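Take a look at the letters that make up each chain.
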Amino acid sequence: MIARWHLWVGGILLVAVVAAALYFPALRKRVDSAAQLTEKTAEQARRELLPAAAPSSGETMTKVKMFWGSNAGDGTLTPVTIELPLAKDPVLRARQVINTLLAGPVNPDARTLPPEAALLAFYILPDGTGIADFSEAMATSIPSGIQSEQRAVDSIARTLEADVPQVTRLKILIHGQEVDTLAGHIDLTQTFRVNTKAGTMAPLAAASSSVPVPAVPANKAAAVVAKDPASSTVKR
Amino acid sequence: MPAPHPVGLNIVVLDPAHGGTDLGARGTEGIHESDVVLQFTAAIRRALEAQGLQVLTTRDGNENPSFDDRSARANAQRGAIFITLHIGSTGLAGTARVYVVPEIPPSTADMTGLIPWDRAQGPFQELSRKLGDSVQVEFAKRFKGSPSTVQVAPVRQLRTTAAPAIAVEISSVSVAERAELDRMIPGVAESIARGVVAFRPTYVIPSFPTPAGVGQP
Chain A
1 MIARWHLWVG GILLVAVVAA ALYFPALRKR VDSAAQLTEK TAEQARRELL PAAAPSSGET
61 MTKVKMFWGS NAGDGTLTPV TIELPLAKDP VLRARQVINT LLAGPVNPDA RTLPPEAALL
121 AFYILPDGTG IADFSEAMAT SIPSGIQSEQ RAVDSIARTL EADVPQVTRL KILIHGQEVD
181 TLAGHIDLTQ TFRVNTKAGT MAPLAAASSS VPVPAVPANK AAAVVAKDPA SSTVKR
Chain B
1001 MPAPHPVGLN IVVLDPAHGG TDLGARGTEG IHESDVVLQF TAAIRRALEA QGLQVLTTRD
1061 GNENPSFDDR SARANAQRGA IFITLHIGST GLAGTARVYV VPEIPPSTAD MTGLIPWDRA
1121 QGPFQELSRK LGDSVQVEFA KRFKGSPSTV QVAPVRQLRT TAAPAIAVEI SSVSVAERAE
1181 LDRMIPGVAE SIARGVVAFR PTYVIPSFPT PAGVGQP
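These protein sequence lines are chains A and B, in that order. Number 129 in our numbering belongs to position 129 of the first sequence; there are no gaps in the numbering. Counting the second sequence from 1 gives a position; our numbering is that position plus 1000.
You may find that some hints are simply not true.
Below, in silico cross-link-like pairs of lysine to any residue (SDA-like), each with a Cα-Cα straight-line distance of 25 Å or less [as the list claims (entries may be wrong)]:
| id | chain 1 | residue 1 | chain 2 | residue 2 |
| --- | --- | --- | --- | --- |
| 1 | B | 1141 | B | 1200 |
| 2 | A | 171 | B | 1106 |
| 3 | B | 1144 | A | 110 |
| 4 | B | 1130 | A | 76 |
| 5 | A | 88 | A | 126 |
| 6 | A | 88 | A | 30 |
| 7 | A | 171 | B | 1067 |
| 8 | A | 171 | B | 1103 |
| 9 | B | 1144 | A | 76 |
| 10 | A | 88 | A | 4 |
| 11 | A | 171 | B | 1125 |
No wet-lab data here; the hints were simulated from the structure. Note that the coordinates shown come from a computational prediction; the quantities given were computed from them, not determined experimentally.
Given these sequences and hints, build the entire structure.
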């Protein structure tokens, strides 16, 4: 014989199931619409947090030179003068001009940096080295190649040289990390000279990380050059 | 400073870039840099061997050796030169460029006769530039729009190579059809072979200063 309370519990459960069945489609609709609203990528969100040039008090419209790609298609850069409400603080100023580079020129063919990339941070060390930390898209979305990667680095360095004279060297990080190359070609383990009087970026060697090893007389050098990754040296 | 060792060019190490899961530059027509450079390498190898030169490659199939492993292939030889081959994503279609690394400042370790691995290219930069100019001149003759002189860029692969080393980049994977790149293969191979042959007499392995009191017999 079924107890009376069993009937009550069974009834309550039945009501709950029916109520859930009625409510479920409405809940699903609400979740779907919420998902659409939050479909922005992390990159987009970051870029919204870091506007190209947000005018604020203390900023005046200033003429700046942006180095974008030339129409020649040969990897060279062309300075384009534009007006921006530029901050006086060199760090803010550097962020503004790099974000403007990322936003890109009117002609998309002259773009030097991938539109998906975002500048996550920029700071200047006491020795004048500017550290630019980009999102992963900087490495994954840039057209792969020596010329295209070199053009990207040059455009940042030359724009900083023109508009932020306090920056003397440039170090590029990807998502806070030092990486071997930008996209398989250009060496990012070193710093780039921002003062480009000679026209081409020259990376300055970082302090050697090699472990000192006993000297080998040059006139008795081994005939075969051998790699010793452990000591990070080439033995001659 | 001791006199340079008069050792000539013995071996050419060809490095088809990328490979494995690293496809390199990718074109809209399904062109993959890692694939195309193998074809260029095969033709360049034949052109160099026809000139009596010995050729080694860093890969022959779809492997992807590390930067250091590729450099080690040349660093293990005496009298080698190193040529890394790339197909870019940009640049005027049908052109070819040669790159060498910017100046690498000498370190105190160089005085010991041991070169730090991460700046192995340092003592060879002048030779690299000569080799680069020799090849670039040939490219300029054959491929209209190519620069007449060698370009400078901090190409990662070159920095750890203890030999005259250049990077060659062909434009580009963005051509309308693969045949456009294929048509460049004989000209690129011939240009590199001619450039290497022109460079050959100037190749003398640089010597390194010996610290006082060290290594004297």
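Evaluated hints:
1. At most 25 Å may separate the alpha-carbon atoms for a hinted pair to count; residue 1141 of chain B and residue 1200 of chain B meet this at roughly 20 Å.
2. Under the criterion of a C-alpha separation no larger than 25 Å, the hint pairing residue 171 of chain A with residue 1106 of chain B is consistent with the structure, at around 21 Å.
3. For the hint linking residue 1144 of chain B to residue 110 of chain A, the alpha-carbon distance of about 22 Å falls within 25 Å, and the restraint holds.
4. Between residue 1130 of chain B and residue 76 of chain A, the direct Cα distance comes to roughly 23 Å. Compliance with the 25 Å bound is thereby established for this hinted pair.
5. A hinted pair counts as satisfied when its Cα atoms are at most 25 Å apart, and residue 88 of chain A with residue 126 of chain A qualifies at roughly 17 Å.
6. The suggested pairing of residue 88 of chain A with residue 30 of chain A is violated, with an alpha-carbon distance near 47 Å, which exceeds 25 Å.
7. Our distance criterion of 25 Å between C-alpha atoms is met by residue 171 of chain A and residue 1067 of chain B, whose separation comes to about 21 Å.
8. Between residue 171 of chain A and residue 1103 of chain B the alpha-carbon distance is near 17 Å, which keeps this suggested pair within the 25 Å criterion.
9. At roughly 17 Å between alpha-carbon atoms, residue 1144 of chain B and residue 76 of chain A fall within 25 Å of each other, so this suggested pair holds.
10. For the given pair, residue 88 of chain A sits about 81 Å from residue 4 of chain A by alpha-carbon distance, which is inconsistent with the 25 Å threshold.
11. Of the supplied pair hints, the one linking residue 171 of chain A and residue 1125 of chain B holds, its CA atoms being roughly 23 Å apart against a limit of 25 Å.
The structure shown violates the earlier hints numbered 6 and 10.
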